[in-house]
Amino acid sequence: MNATAERDVFFSFFMFTADLKPEDPRYTKVLITHLKACADLGYAGFDLHIASRPPGVDHRLEVESYARLKEAFDGAGLGWLKFTTNVGTTRTFDPTSPYEEQRRQALAYLKSRVDITRVLGGDSIMSGPFLYPYGVFPVTDDGQGIWSDALLDWMRPRYQAARPVFEELATYAAQRGVKLAIEPVKNWETPAPNAVSQVLDFLDDLGHAQCGATIDTAQVVMESQGPSVFRDDVARAARLGRLLYVHVSAPDRGAVHDSWIPWDVVLPVVEPRYRGPYLVEVFNAIPPFDSSMRMTRRRFWRPGEDDPVPGVDSAYDVAAAGLAELRDQLARHAPAPSIPAPLTAAHTGGA
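Okay, so the sequence shown: first residue is 1 according to my numbering, each after it adds one.
Calculated directly from the structure, the hints in this document are not laboratory data. Any given hint might turn out to be false.
Here are the simulated BS3-like pairs of lysine-lysine, each with C-alpha atoms no more than 27 Å apart in a straight line [to be verified]:
1. LYS70 - LYS111
2. LYS36 - LYS21
3. LYS70 - LYS29
4. LYS36 - LYS70
5. LYS111 - LYS186
6. LYS21 - LYS82
7. LYS21 - LYS111
Using the sequences and the accompanying hints, generate a full structural model.
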């Protein structure tokens, strides 16, 4: 079997939900149905979003609820599956806050997400926009937005405030075998960080390679400066041991097959340097994505949850096509195997 065929490909549960509702055994059965169907397609694992709860929640109870969810998955014969997690920080749990108490709350929140990742996936990856709170755009005292140079200057002390938080978080994650992969997200979704280079700059003074970056093809297409910068960022992340996760996602966040993903730009740069799993990530037109991303396309109907829609692909159809497309592209862009030079007379001792 060639190396490409052995690569793990995961599927994002953003196709089905943004909240696993681990305390709801009825919904757990729905999740198990989706897991089995997508595993039968050939996926080796799944990325699960860990939804935030009200500020006063006991994080230990959250971790316990996910432990029970994993037990249910195992009990359904799915113990062999691998899981990564998607995590975002919030206005309440903000590691960049200028207030020490709020940073302590954010650290406790992020540690609980590391614990949940460990419970679900073991030696795994926690990925997502968990440096600066997702979607929280700063404003001045008179309600005006902060943009461009002013925004970059405003972020500088926020990054500084977050460094001690991430030092402790990285140590905690290392002890539990969990890698931390910060994902930069495009500027119309969140103010920072928006580029791989910004994540790497933040991590420069962090002593732990346990903390690195996620590269998402959708973010690269819509936010990066171009192919040469992308090559430099990937090379820099790989050189530092910080290229931890790669998400394959269409620019419109829809179906991966027949999309505007620049395979010929991305894979020749990533493949020689990356040996981790690839994640096929599709954001379905379900709450909260339909409104937050202003989706005007039809939903990929979810078997067992939505009524079939004639002429519209199901979630499983899109998952199958995405896996096939990624495997085909990986095969096309796999590094050519080295061919030993033919033996000469000098090598064989001949005349």
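Each hint tested on the structure:
Between LYS70 and LYS111 the alpha-carbon distance is near 18 Å, which keeps this suggested pair within the 27 Å criterion. A C-alpha spacing of about 18 Å is found between LYS36 and LYS21, which places the hinted pair at or below 27 Å, so the restraint holds. For the suggested pair LYS70 and LYS29, the alpha carbons sit about 12 Å apart, so the restraint of at most 27 Å is met. For the given pair, LYS36 sits about 14 Å from LYS70 by alpha-carbon distance, which is consistent with the 27 Å threshold.
The straight-line distance between the Cα atoms of LYS111 and LYS186 is roughly 26 Å, inside the 27 Å bound, and the hint therefore holds. This hinted pair checks out: LYS21 and LYS82 have alpha carbons roughly 19 Å apart, not beyond 27 Å. At most 27 Å may separate the alpha-carbon atoms for a hinted pair to count; LYS21 and LYS111 meet this at roughly 20 Å.
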